[in-house]
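Sequence lines, in order, name chains A and B. So the first sequence is residues 71 to 399, counted in the numbering used here. So the second sequence is residues 24 to 348, counted in the numbering used here.
The hints are simulated quantities; they were obtained by calculation from the structure and are not laboratory data. The beta-carbon is built from N, C-alpha and C at its ideal position, and this holds for glycine as well. A few of these clues could be false.
[Said to hold, decoys possible] One-sided excerpt, in silico: chain B residues whose CB lies under 7 Å from chain A: (1) 32; (2) 36; (3) 39; (4) 164; (5) 167; (6) 168; (7) 175; (8) 176; (9) 181; (10) 212; (11) 279; (12) 282; (13) 289; (14) 301; (15) 306; (16) 307.
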Amino acid sequence: MNELAPLSHDLKAAPPAQAQGARPPGRGRVAAFFDSDLLHSFLRSKLVVLAALLTVAMVSAAFLAPVIAPHDPYDLKSLSLLDANTPPAWEKGGDRSFPLGTDDQGRDILSTILYGTRSSMLIGICSVLLAVGIGLSLGLWAGYAGGRVDTVIMRIADVQLTFPAILTALLIDGVALAIFRNYHFEGGKFWILVLAIGLSFWVQYARTVRGVTLVERNKEYVEAARLIGLRPLKIMFQHILPNVLGPVLVIATINLALAVITEATLSFLGVGLPPTEPSLGTMIQIGNKYLFSGSWWMVAFPGLTLALLALAVNLLGDWLRDALNPKLR
Amino acid sequence: MLAFAIRRLLEAAFVMVTVALLAFVLFRFVGDPVNQMVGQDTSLEDRQRLRQELGLDDPVAVQFGRFVANAVRFEFGISYQMKQPVTTIISERAPATLELAFVAALFAVALGIPMGVYTGIHRDSWLSKIFLTVSLIGISLPTFLIGILLIYVFAVMLGVLPSFGRGEVVRIGFWRTGLLTTSGLKALILPAVTLGLFQMTLVTRLVRSEMLEVLRTDYIKFARARGLTQRAVNFGHALRNTLVPVITVIGLQLGAIIAFAIITETVFQWPGMGLMFIQAVQNADIPVMAAYLMLVAFLFVLINFIVDLIYVRVDPRIRIYGRGV
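Throw the hints in and build the complete structure from the sequences for me.
This is how it looks when you write it as structure tokens:
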């Protein structure tokens with residue numbers, strides 16, 4: 071964590087980023103927010119450190135879930151309906167062994183959040199990797215080959231861009247459910263979600279990578295590589311690729327927050343993970359049903375976790391963009 | 024201008040044809056339509072006859088042509104789940120979504136522009152900071168969490184607003200409106216705020232940054248030097264010049280509002296098209312999904328097209344560029 075502090079000092083010393091112009095919605099909203107005011111820049115660097123700490127803490131807690139969680143929400147033997155609807159420990163009727171209370175199945179909320187964050191993060195990471203894989207390959211191909219290939223790929227991207235990502239994800243999810251509704255296989259839902267979210271996010275990468283590739287393609291080192299007879303694939307992936315990784319990394323970080331939110335949204339809408347599998351979205355969906363009976367803890371804690379995670383990763387991604395490549399805008 | 028419009032129209036047509044192709048593939052090849060329509064005990068001959076009646080044995084190109092012809096007349100067959108024509112279902116559901124989207128957009132604009140102007144003029148006041156903090160929350164919280172939060176505060180804790188449904192509706196022709204009854208208006212508040220909050224923060228931020236930019240320009244300084252009132256300078260000169268990007272963003276966000284209505288409608292059990300679409304996804308009801316896809320694509324393309332035209336009309340610089348292309 072120590073190396074983050076001096077970096078954010080550099081950020082403060084640097085002239086405040088000019089973010090007055092209208093930006094495309096969807097990217098860097100949080101950064102623009104802070105950039106747009108000098109007074110906020112100080113606050114911002116502190117916030118970035120805080121966001122980094124929070125992200126690291128949440129991610130490590132999530133992946134250490136099997137070790138640190140007091141209960142195992144997958145272990146049906148340990149669940150007891152008698153424990154259901156227990157309020158948090160500090161409330162009246164709370165139980166010390168369930169610090170944040172239990173849900174309608176008697177699962178410990180704290181443990182379920184830990185396991186749930188883990189599966190939400192895993193889906194987020196896998197889907198961003200899929201989106202990067204598709205976007206990077208198609209972007210490189212379109213930019214390097216040009217001509218008809220370029221036109222076709224970018225036209226497809228344009229059509230997809232007409233729709234918000236959440237709609238695309240819902241649609242792919244729906245189609246996948248329709249195709250696979252008669253086949254049940256282990257973890258099927260997980261991969262359907264990864265596919266739906268990944269396929270709805272690739273356009274941004276493809277456009278960015280294509281843009282950089284168009285510039286790089288005409289540089290001398292690429293020409294040299296071509297002259298010594300390297301195959302196009304090798305040129306694309308070994309010579310051009312390293313030059314486009316910077317912006318891709320930035321978009322990927324910001325997209326990770328978006329992917330986690332999309333997963334939660336799909337699960338909340340009832341088309342994501344099944345209720346038996348803990349994820350932040352399904353927890354909020356279950357909790358939402360019990361809101362009127364006063365069991366606020368069922369929805370409040372997973373909701374807070376999701377909001378904090380999204381905010382922290384967003385801040386981090388925006389900071390990463392400024393730190394890695396100030397010219398990106 | 025005309026060349027620009029025609030080019031845009033061609034692009035729009037391309038998008039629509041692509042979406043139609045997608046919807047057709049969905050409709051025709053995901054699951055067997057005949058199996059979805061008939062029961063288990065239907066004989067093979069009956070199935071074959073049905074296939075022929077539906078024209079499923081024709082060449083694919085002919086089928087696609089028929090699909091497009093039907094889509095233009097907005098006929099998408101019978102919903103697998105509700106056993107009703109899709110057109111009927113959508114015409115029942117559409118008014119609810121359109122009213123919700125309209126009120127949400129109105130809320131976003133009516134609050135977002137004044138907040139943006141205020142935070143642009145009074146950069147350092149404490150009220151500006153409150154506005155900015157609120158909009159930061161609006162940006163980072165997922166829509167469904169905002170909805171749940173509002174339900175908890177206003178329906179569970181305070182008990183002043185309903186948390187689901189549309190309230191009483193009045194029928195005017197085929198359009199069932201909730202805007203004319205007290206319970207209908209009350210039921211509209213929470214969903215509209217939930218749906219509009221994100222757009223409102225977007226408008227606030229955009230107007231604020233545009234104002235900051237414009238207020239630095241020479242013609243504003245000149246207007247001040249001429250001794251015009253603050254009011255005339257801020258609203259007559261500054262705000263007017265910020266409106267071009269604001270109009271564009273609001274127009275494009277209308278599409279996003281319709282898409283995000285899916286989430287809001289699920290949270291509030293609002294009987295609109297979004298809820299219908301979610302139920303269709305859950306039940307693999309392909310005709311409804313295909314129809315929704317086509318309708319939403321059409322709305323998006325239409326909005327994009329209109330925004331482009333408005334943009335060209337309002338901003339002379341683009342008009343010249345458009346002519347050059």
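Checked hints:
1. Hint status for residue 32 (chain B) relative to chain A: violated, with the closest Cβ pair at about 15 Å, above 7 Å.
2. The restraint placing residue 36 (chain B) at the interface with chain A is violated, with a minimum CB-CB distance near 12 Å, outside the 7 Å limit.
3. Here the hint on residue 39 (chain B) is broken, as its CB sits about 10 Å from the closest CB of chain A, past 7 Å.
4. The interface hint given for residue 164 (chain B) holds, since its Cβ lies 5 Å from the closest Cβ of chain A, which is under the 7 Å cut-off.
5. The interface hint given for residue 167 (chain B) is met, as the beta carbon of that residue sits about 5 Å from the closest beta carbon of chain A, less than 7 Å.
6. Taken as an interface hint, residue 168 (chain B) checks out: its beta carbon lies about 5 Å from the nearest beta carbon of chain A, inside 7 Å.
7. For residue 175 (chain B), the interface hint holds, since its Cβ comes within 7 Å of a Cβ in chain A; the closest pair sits about 6 Å apart.
8. The interface hint given for residue 176 (chain B) is violated, since its Cβ lies 11 Å from the closest Cβ of chain A, which is over the 7 Å cut-off.
9. Evaluation of the residue 181 (chain B) hint against chain A yields a violated restraint, the C-beta minimum of about 13 Å exceeding 7 Å.
10. Given the 7 Å rule on beta carbons, the hint for residue 212 (chain B) is violated: about 18 Å separates it from the nearest Cβ of chain A.
11. Interface restraint check for residue 279 (chain B): the shortest CB-CB distance to chain A comes to about 5 Å, inside 7 Å, so the restraint holds.
12. The interface hint given for residue 282 (chain B) holds, since its Cβ lies 4 Å from the closest Cβ of chain A, which is under the 7 Å cut-off.
13. Proximity of residue 289 (chain B) to chain A holds as hinted, the smallest CB-CB distance being about 5 Å (cut-off 7 Å).
14. Taking 7 Å as the C-beta contact cut-off toward chain A, the hint placing residue 301 (chain B) at the interface holds, the least distance being around 6 Å.
15. Annotation: interface hint on residue 306 (chain B) violated; nearest CB of chain A at approximately 9 Å, more than 7 Å.
16. For residue 307 (chain B), the shortest C-beta to C-beta distance to chain A is roughly 4 Å, which falls under 7 Å, so the interface hint holds.
When the structure is compared with the earlier hints, violations turn up for hints 1, 2, 3, 8, 9, 10, 15 and for no others.
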